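In order, the protein sequences belong to chains E and G.
Numbering-wise, the first sequence is residues 1 to 426 according to my numbering.
Numbering-wise, the second sequence is residues 1 to 426 according to my numbering.
Hint data in this document are derived by calculation from the structure and do not stem from the laboratory.
It should be emphasised that the depicted structure is a prediction, and the values quoted were computed from it without experimental measurement.
Among the hints, erroneous ones may be present.
[Stated by the list, open to error] A few chain E residues facing chain G, derived, Cβ under 10 Å: (1) 56; (2) 238; (3) 265.
For glycine and all other residues, C-beta sits at the position ideal for the given N, C-alpha and C.
2 protein chains.
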Amino acid sequence: MTVNVTLSATLAANEEIARRRRAGQRVLNLAFGEAGLPVHPALRERLAEASPENSYGPVAGAAVLREAAAGYWDRRGLPTDPELVVCGPGSKPLLYALLPAIGGDIVLPAPSWVSYAAQADLAGVRSIPVPAPPGEGGTPDPDQLTGAVLRARAQGRTVNSVLVTLPDNPTGRLARPETIRRLAETARELDLMIISDEIYRDLVHDRSAAFLSPADIAPERTIVTSGLSKSHALGGWRIGVARLTSIPLRDRLLAVASEIWSCPATPVQHAAAYAYTEPPELVERVAASRRLHGVVARAVADRFARAGAGVAYPQGGFYLYPDLAPLRRFATSGELASALLDEHGVGVLPGAVFGDAPGTLRVRVATSLLYGEGEEQRMAALSSERPIDLPWVAASLGHLEEALAGFTERRWFAAWTPPALAPASP
Amino acid sequence: MTVNVTLSATLAANEEIARRRRAGQRVLNLAFGEAGLPVHPALRERLAEASPENSYGPVAGAAVLREAAAGYWDRRGLPTDPELVVCGPGSKPLLYALLPAIGGDIVLPAPSWVSYAAQADLAGVRSIPVPAPPGEGGTPDPDQLTGAVLRARAQGRTVNSVLVTLPDNPTGRLARPETIRRLAETARELDLMIISDEIYRDLVHDRSAAFLSPADIAPERTIVTSGLSKSHALGGWRIGVARLTSIPLRDRLLAVASEIWSCPATPVQHAAAYAYTEPPELVERVAASRRLHGVVARAVADRFARAGAGVAYPQGGFYLYPDLAPLRRFATSGELASALLDEHGVGVLPGAVFGDAPGTLRVRVATSLLYGEGEEQRMAALSSERPIDLPWVAASLGHLEEALAGFTERRWFAAWTPPALAPASP
Chain E
1 MTVNVTLSAT LAANEEIARR RRAGQRVLNL AFGEAGLPVH PALRERLAEA SPENSYGPVA
61 GAAVLREAAA GYWDRRGLPT DPELVVCGPG SKPLLYALLP AIGGDIVLPA PSWVSYAAQA
121 DLAGVRSIPV PAPPGEGGTP DPDQLTGAVL RARAQGRTVN SVLVTLPDNP TGRLARPETI
181 RRLAETAREL DLMIISDEIY RDLVHDRSAA FLSPADIAPE RTIVTSGLSK SHALGGWRIG
241 VARLTSIPLR DRLLAVASEI WSCPATPVQH AAAYAYTEPP ELVERVAASR RLHGVVARAV
301 ADRFARAGAG VAYPQGGFYL YPDLAPLRRF ATSGELASAL LDEHGVGVLP GAVFGDAPGT
361 LRVRVATSLL YGEGEEQRMA ALSSERPIDL PWVAASLGHL EEALAGFTER RWFAAWTPPA
421 LAPASP
Chain G
1 MTVNVTLSAT LAANEEIARR RRAGQRVLNL AFGEAGLPVH PALRERLAEA SPENSYGPVA
61 GAAVLREAAA GYWDRRGLPT DPELVVCGPG SKPLLYALLP AIGGDIVLPA PSWVSYAAQA
121 DLAGVRSIPV PAPPGEGGTP DPDQLTGAVL RARAQGRTVN SVLVTLPDNP TGRLARPETI
181 RRLAETAREL DLMIISDEIY RDLVHDRSAA FLSPADIAPE RTIVTSGLSK SHALGGWRIG
241 VARLTSIPLR DRLLAVASEI WSCPATPVQH AAAYAYTEPP ELVERVAASR RLHGVVARAV
301 ADRFARAGAG VAYPQGGFYL YPDLAPLRRF ATSGELASAL LDEHGVGVLP GAVFGDAPGT
361 LRVRVATSLL YGEGEEQRMA ALSSERPIDL PWVAASLGHL EEALAGFTER RWFAAWTPPA
421 LAPASP
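Generate coordinates for the entire structure from the input sequences, incorporating the hints supplied.
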């Protein structure tokens, strides 16, 4: 086995933008999916209090954290045995370790988060992309799932699982309950495990959108993963949780975990345990975050829509996934994203890295780094009645409007070069 | 690919011992390689100070940590470019990610740490065990390395690397400089990368033992891994560092890291950066730890030697690897370890999990959990002139002495059953 992956596209884009900013360029970071908000002081205190904790602790995570996470799911209508909870240093490593623990190929929605397919490559399993239903995101179209799985099985492949992201990254859309019901039925017929990545669950900001987890209707086959990176802005603290379906599967996951990461950082586990008890001050903080993410994501969607892009309005998290084909032509979404960055200082991720066909001109726009620089601006955004009127947020939105206007105008001139200056090309 | 690993033997043993203790059994934990000492208050303070840090940060680790780790190696005669340092949530994940980053099969010393071979299985590469030279540990015998690699290559395998552990876990021995020189020469002839796991480097307590890293003599092909789990008792904080040989290799490692763990916990990175600057209070703490580990490991070795076991005296870390064959016969080291635990409440790990032939009756004895329970006892052990005379340490050593005496005596009676009481077996 040799490595066949490149640096995670989202992390790479974030580092490239940081590099350009250090070099003095004005760059709007709409590429990176970081929550863009400060840590709540209660969590800082819990981390500090737990600083004497230096033991490795159980591979599955401390009992106090597993019990708290079980309570979190209990309160969402999913009665959970703490023995079936496994904690990891982020939900990313948990998702990675689930691949060998489950075994076999995995069906992914297309488009979907950059790391699912890359992790499958790394783990030596094949990922099978199945498009999301029209207007939805984060789930393979149930109507196309059966065909895709049967074709792969006919080729002698073992297909054991299907993944959904609720709500979705990159599209910001939440799959409809009816779609999830049909997906779960199909998974049952095909005897597939379902991995439900619900890390944005508490950030559904579209009040008209109803959340249904496949675990609600197919608990026997649904593994739920989550974490505090998005809802509590703890990406850098690296803590995730998984809700398993059986002790044998848990034990296989723990075997992999024990050989890759041992356990999540112990002080972080203790702070996370507090967060998962959902004390009032953190419930309030998550609610404020959800509101802010929704207001800003919709404002950004407005800018794209006004510029003429095709946009499905975001329903959860801090992403949208506009189609820029109506604005200007490019051979690939990669070229489009490069032009937007180089010409207008706007960093987004090309749809191609999420599994779109390269010629599809969709880009993923992350909106959570618009809240400002530093704790003061971000706290102001969090508590503001009209965050998009804050000067720094308004300035960023202005930057985006100008960029999209300039980007679009070029369409009419791009093909035209003054004859006298045209280089003689062979 | 389906998972073919079981829970890490050392973590599993630790959890089993904890379970027995909760059930009221008196068990001496000589199975788990945790440093058994408190966190230094300066590191606790740094962690608390860094609690606002919640960004994902660079995959390679924060610049301040990479620079500090480079300084650590500089001061040990290995000039280091911070750009070639990669940090991970423990050295274990770094060792795992190096496998696909380097590619190909890997030669391991036999015996060696439980996770090397398990990680290779998981990563889909083959590990080739080569015995350590007589009386040494942590390195394949250079004389046998060439033959093993050429045989594997003749079978069409790609062999790209060889691993050493300096000083060693499980044997507690430090490979001689002359052996490392020959190993490095052989690696050059065979064009192998060398992975040098030096996580116990600062805990060499045998003053007559000279430390030579293969990076000193074959810097072009030696990757060094280390971390703070052992020297600073930060196992549960999960922080490790790797010193790479080239930018392309670093980039391959970062690609894997970005898809598995993103980055180590950010607050931990900041505390680790402080530790790697080696301020006086931490240098002093590491020196005291080293002294304590040495005194207690030697005292334990004395008990095994007096009981009649074969013991190579430990030189670094907190392990020894006695041969109990002279004491009592068992079919396997696993049966021996089970008997020692069940009959005498002494938990050790059988040599088989480190790659020994099952019939070889060596066991790994970890001595660092003898320092006491809780911060007060452990700090007393750390500052004591004669730690083995502290009542709780003396009691544990007494428990071990009794266990070994009882274990040995049984040898003379085990075959004898009173005829009247012998069950009629079919």
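To see whether the hints hold, each was checked on the structure:
The closest approach between the C-beta of residue 56 of chain E and any C-beta of chain G is roughly 5 Å, which is under the 10 Å cut-off, so the hint is satisfied. Taken as an interface hint, residue 238 of chain E checks out: its beta carbon lies about 5 Å from the nearest beta carbon of chain G, inside 10 Å. The restraint placing residue 265 of chain E at the interface with chain G holds, with a minimum CB-CB distance near 4 Å, inside the 10 Å limit.
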